[in-house]
Amino acid sequence: MVVYNKYLIIGNGVAGIYCAFNIRMRDRKGEITIVTDENYPFYSRPLITDVMTGKKQADDIVLLPENGYKRYGFTLMKGVQVKKAVFKERCVTTTAGKQRFDRLVFAAGAVPKKIPFEGEGIFYVRTLEDAERIRAYLPKVKKAVVFGGGPIGIKAAYALMTAGIPVNIIISSSQMLSRVLDERSSHYLQVLFEQNGARFWFNSDIKEIVRRKKGLKGIVTDKGEMVPGDILIVGKGVNPNLDIVRNAGVRIDKGILVDDYMETNCEGVYAAGDVAQAKVVTNSNQQSAISNQPSAGSSLSLQGAQHHGGLSLRAQRGNLTNRIATAMPRDDSKMLNVEHRTLNVELASPPFKDVLSLWPVGAEQGKIAGQNMAGGKRVYGGGVGSNSIEYFGLKAISMGITRGEGCEAVLFERDGIYRRYLFDGERLVGAILVGDINDAGVLLHAIRQALPVRGILQSAISSQRSAFPFQSLRGAERRGGLSLRAQRGNLTNGLPLPLRRDCDDNKDSAPRTSEIDSPLSALRSQLSMEVLF
Amino acid sequence: MREIFFIKDRCVGCGACKAACVAEHTKNHHLYDSLSSVPMGRKRRTDRYKQTITEEVPHPVRCLHCDEPPCMEGCISGAIGRADRVYSKWDACVGCFMCVMNCPFGAVLPFFNKAVRCDQCLFTEKPACVRACPQNAIVYMESNEFEENERKRRWRDKTQKEIPLLKAKA
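Top to bottom, those sequences are chains A and B.
For the record, in the first sequence the residue sitting at position 156 is 156 according to our numbering, with numbers rising by one throughout.
One rule links them: number in our numbering = place in the second sequence (from 1) + 533.
Hints in this document: simulated from the structure, not taken from any laboratory.
The reader is advised that the hints may include incorrect statements.
Derived lysine-lysine pairs resembling PhoX-like cross-links, with alpha carbons at most 25 Å apart [as the list claims (entries may be wrong)]: (1) A:Lys56 to B:Lys659; (2) A:Lys83 to A:Lys6; (3) A:Lys70 to B:Lys622.
Stretch by stretch, here's where chain B covers chain A in the computed footprint (C-beta under 8 Å, at least three residues) [stated by the list, open to error]: (4) 225-238; (5) 361-375; (6) 388-401.
Ideal Cβ positions, reconstructed from N, Cα and C, are used throughout, including at glycine.
Okay, chain A solo, but in the shape it has when bound (with noise of 0.2 Å):
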């Protein structure tokens, strides 16, 4: 009789079906069982605030439906939770019994931050069982409340907003969005919504909830200040899902820390997603840890460098065709401190680790994984958090990070068009966006790659050219920059960006710094693009 892999998924959101699917590409056979304690097939959850005020139905943002699971022999358990675990033991039991596994991943996402408020009218928006209550509650609802004023705060805000409906936000720090835009975006952002009807109380707190005999009232700041109000929803964040883990014998820290294979110390175990506190390239941390030592910059950043590939392994060999080996700069100095990266990677690892709940981080993690279970072994890069949002017809990408005090910022504003570039050293490590976002992914691939390319942003807005430089850089594509095996999208090595060694010469090239007075009128030229369509 043959026996084959059992392998056990716990979380049906987008690293778990990454997870699943990567397997099955490897392992035909075996048997992949996901659990899951909602009661819907996999869906979107960034789309769950259309559900909430109606513009879809639930079946609209199911992206494998049921019978996609039959199609590819996953077995779905639905509304099953698990009770506990033992993963030394190869068990876990659920409410639906034991279940045995070979290798488990563990992608059971996040869970809401909780305020010390419970009651009728009081919602977080997390699940798709969430945003159905939302939806039966909101025909009583004349004006709502959103606390928080993080990307979920702020993206159900919106929500209401276009369905018609005026919202209050209440806002802890002093900006919306502070943790992904900077001064300046976000107070185009806040202009916008404010235009459009929204209210916002800043640095506040809730500290108290006023009730009527049926729903709520409104809702006291910290300040006093009366926010009125007759739905709270809740958008604080999210914490990792970790109550299941606590004594499975995993190590914990902010999350389940897992290695570049994506496993947990428990051999056979991994994590993924929400949960998995993996290997990020720039965060908040590294932020600190620049700032405070500005001596050891340099040394940081190389190590930064080495931990996500920045150079591959054909390149610190010397094994690089001649195009590329003229285009990367061939310092003697550099390639010696790489022997010294690849003994420093152990010490330096653990700052460098964070959680990232972002869609495309948790199918990254997922699919690594997934092949890492079904035997193969691929390392994790290393995520960069990254978010894209579009409110009334304004998009903004921002990458990295976003308020960095040990960086240089190069700033690009003109048209209604808004960059903001971050450079420690030579390399990019964030990036803002906002109004045209041609060419966001070249720069999230520099930053991912700790590419040195310093040289051709600020040439490009020093010049004044445009403020799409890489659209230069496709000139060197085309002049023979790119050997034919990036053409064809073979992407192991990353994107060689040739380098303009000259640029650094421009020491004239003082960041541009704004011509426009008021946000507003650099909003117009943009919005009235919109309008005409």
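Starting from the known structure of chain A, fit chain B onto it as the hints suggest.
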């Protein structure tokens, strides 16, 4: 799988490829209609070409159809899929621009409320830009074939005349 390749030396910058791309992605494949139609719903009027600033000629930014597309991993609405080629469904796109953020080549372009990419003109024998190019600067062939042709062409150029040194090598 055949792919679109671009040979810069042959390009004269006439822009025929751009016009052809616009027309191809209009509802009834007519350039005049593409100018008059409003890009909403099913009517599409968009080109998948970017104009470079430094070089005067338009340069095709085409999707490379990666094996593991980062845009697909980022897509929150299930609009992007991969079957031989990477495709995106127009109606399913919600305009979150996660794909724009994730594509390391900048090949996905943000349109007003949708993200568009080169789809290699899925339902035609040859892509429209390839058909339109009078200079044969855009070619559609297997990558091995292109590589061999290119090597031959470069060798021919090298042996026939002396090529000038690359400038701007400071």
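Verification of the supplied hints:
A C-alpha spacing of about 37 Å is found between A:Lys56 and B:Lys659, which places the hinted pair above 25 Å, so the restraint is violated. A hinted pair counts as satisfied when its Cα atoms are at most 25 Å apart, and A:Lys83 with A:Lys6 qualifies at roughly 20 Å. At most 25 Å may separate the alpha-carbon atoms for a hinted pair to count; A:Lys70 and B:Lys622 meet this at roughly 24 Å. Counting residues of the stretch 225-238 of chain A whose C-beta sits closer than 8 Å to any C-beta of chain B gives 0, which falls short of three, so the coverage hint is violated.
Note: the stretch 361-375 of chain A has 3 residues with beta-carbon separation from chain B under 8 Å; the three-residue rule is met and the coverage holds. Under a criterion of three residues with beta carbons nearer than 8 Å to beta carbons of chain B, the stated coverage of the stretch 388-401 of chain A is upheld, 6 such residues being counted.
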